[in-house]
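K.L.:
Below, each chain spelled out in residue letters.
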Amino acid sequence: MTAAPPTTPDAPDRTAPQAVDRPPAQTNDSPPPQAVDLRALQEQYAVSELLEQLDRDLVGLEPVKRRIREIASFLLVARARANAGISSSPPTLHMAFTGNPGTGKTTVAQRMAGILHRLGYVRKGHLVSVTRDDLVGQYIGHTAPKTKEVLKRAMGGVLFIDEAYYLYRPENEKDYGQEAIEILLQVMENQRDDLTVILAGYPDRMRSFFESNPGFRSRIAHHIEFPDYSDDELMQIADKLAEEAEYRLSSGAREAMREYIARRRRQPNFANARSLRNAFDRARLRQALRLVQWEGAVGVNDLVTLEESDIRSSRVFVEGTTHERRHNS
Amino acid sequence: MRLTQGTFSFLPDLTDEQIRKQVEYALSKDWAIGVEYTDDPHPRNTYWEMWGQPMFDLHDAAGVMQEIQACRLAYPNHYIRINAFDSQRGFETVRLSFIVQRPENEATYRLVRTEAAGRTIRYTLERHRT
Chain E
1 MTAAPPTTPD APDRTAPQAV DRPPAQTNDS PPPQAVDLRA LQEQYAVSEL
51 LEQLDRDLVG LEPVKRRIRE IASFLLVARA RANAGISSSP PTLHMAFTGN
101 PGTGKTTVAQ RMAGILHRLG YVRKGHLVSV TRDDLVGQYI GHTAPKTKEV
151 LKRAMGGVLF IDEAYYLYRP ENEKDYGQEA IEILLQVMEN QRDDLTVILA
201 GYPDRMRSFF ESNPGFRSRI AHHIEFPDYS DDELMQIADK LAEEAEYRLS
251 SGAREAMREY IARRRRQPNF ANARSLRNAF DRARLRQALR LVQWEGAVGV
301 NDLVTLEESD IRSSRVFVEG TTHERRHNS
Chain C
1 MRLTQGTFSF LPDLTDEQIR KQVEYALSKD WAIGVEYTDD PHPRNTYWEM
51 WGQPMFDLHD AAGVMQEIQA CRLAYPNHYI RINAFDSQRG FETVRLSFIV
101 QRPENEATYR LVRTEAAGRT IRYTLERHRT
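Those protein sequences? They're chains E and C, same order as listed.
Numbering follows our numbering, with no gaps: position 205 of the first sequence is 205.
Numbering follows our numbering, with no gaps: position 125 of the second sequence is 125.
Using C-beta positions, here's what the derived DEER-type ranges look like: (1) E104(C) - R219(E): 36 to 46 Å; (2) K29(C) - S218(E): 33 to 43 Å; (3) Q138(E) - R95(C): 28 to 38 Å; (4) N190(E) - T15(C): 14 to 24 Å; (5) E211(E) - S9(C): 47 to 57 Å; (6) L185(E) - K29(C): 28 to 38 Å; (7) G52(C) - E246(E): 41 to 51 Å; (8) G120(E) - L73(C): 28 to 38 Å; (9) Q138(E) - E126(C): 45 to 55 Å; (10) I121(C) - Q186(E): 50 to 60 Å; (11) I86(E) - G52(C): 36 to 46 Å; (12) I86(E) - K21(C): 27 to 37 Å; (13) R44(C) - L185(E): 43 to 53 Å; (14) N172(E) - E126(C): 55 to 65 Å.
I should point out that these hints are in silico values taken from the structure, not numbers from a laboratory.
Where is the CB? At the ideal position from N, CA and C, for every residue including glycine.
Use the sequences and the hints to build the structure in full.
P.N.:
As structure tokens, then:
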């Protein structure tokens, strides 16, 4: 590495004590660990494989993937530093995922648990996904045991708190959510190597949650924002969904799907990939009904093909047209 | 006298690291872990006091170790043991049980003989001194 020359003079006396308490360091007698092969380390932990899988399996989400790459690299470097005997405090790993519904927060959290496990920052690598109901009790004295129970289950893995802002109810000062928050904060601070906490939720509400709970803000190292999917990305997801379920969209159906996405986006309660998954499931239902009511023989091709009509008969198109008609008139 | 009950009781007391590894083993077998304490370790006293509820669905021993520490803090002069319960059909019983804390002055018992009819002798194990 380029930084090697200035450190060479004091290198011998620095490595001398190191060799005593670290037997592996003795093996490289020639220049002591001046250069670290990060690539080898990366291979050793097989992180790149996971990252590539992430790239392959998840459509879009470029900023998220970039951040995860950054975090993974950072953790790898931290690992290399620790191996080289440079003292550094263990990195804070708690994260916040903000994004609209259906943008893949839970999925990415699952992958994150895998990555942290590979790098050895969590011991077991499982994900415990909870919401307010799992943490906050019904009556006085119920919350603490409940929260601790969940924390114990999450030890050695990742605790994923979905819609974290529900923990904090500013309108009710007697709300038990505050108690859960305090226990959480304490564990996040004191047992950092036992578990990693990921808070997730919709952007605007998360922002006000962090504003009213500065304790959380400062304990979370990585804030990752999940962007909405573009129409093209949603189309790719639709293709992927169909492929995974072994269905095929006819060209008419793909056209209809494209139109569906554009229309659905403008309607309330649009939940990105989740809306699409639901639409796909309903299209499968309609296809099944169509096939059952069909009187002729049904070929294998018919079984796997979603037709235009399966998608066009969605409520979205009906409502869309009445809506437009009203607008035009 | 040293109380010998449960697994490992003829060995020197387990260190925390050894306890952690045993718990880790029990969790790897999907056994539920319970922490129990008592000041009366009479062999016929099967049911000790439960420290919280048995812990199901744990993946890591850290949670159990935390409970053991809390129990030790609350009862520094009690016996504390770990029970690992196997819920699998056919077992449905405690598969592993061992002591993780014993008081400095261990409980002692003495044998009391009672004469009964026809020169029969009945034996009772009685707490000697605390």
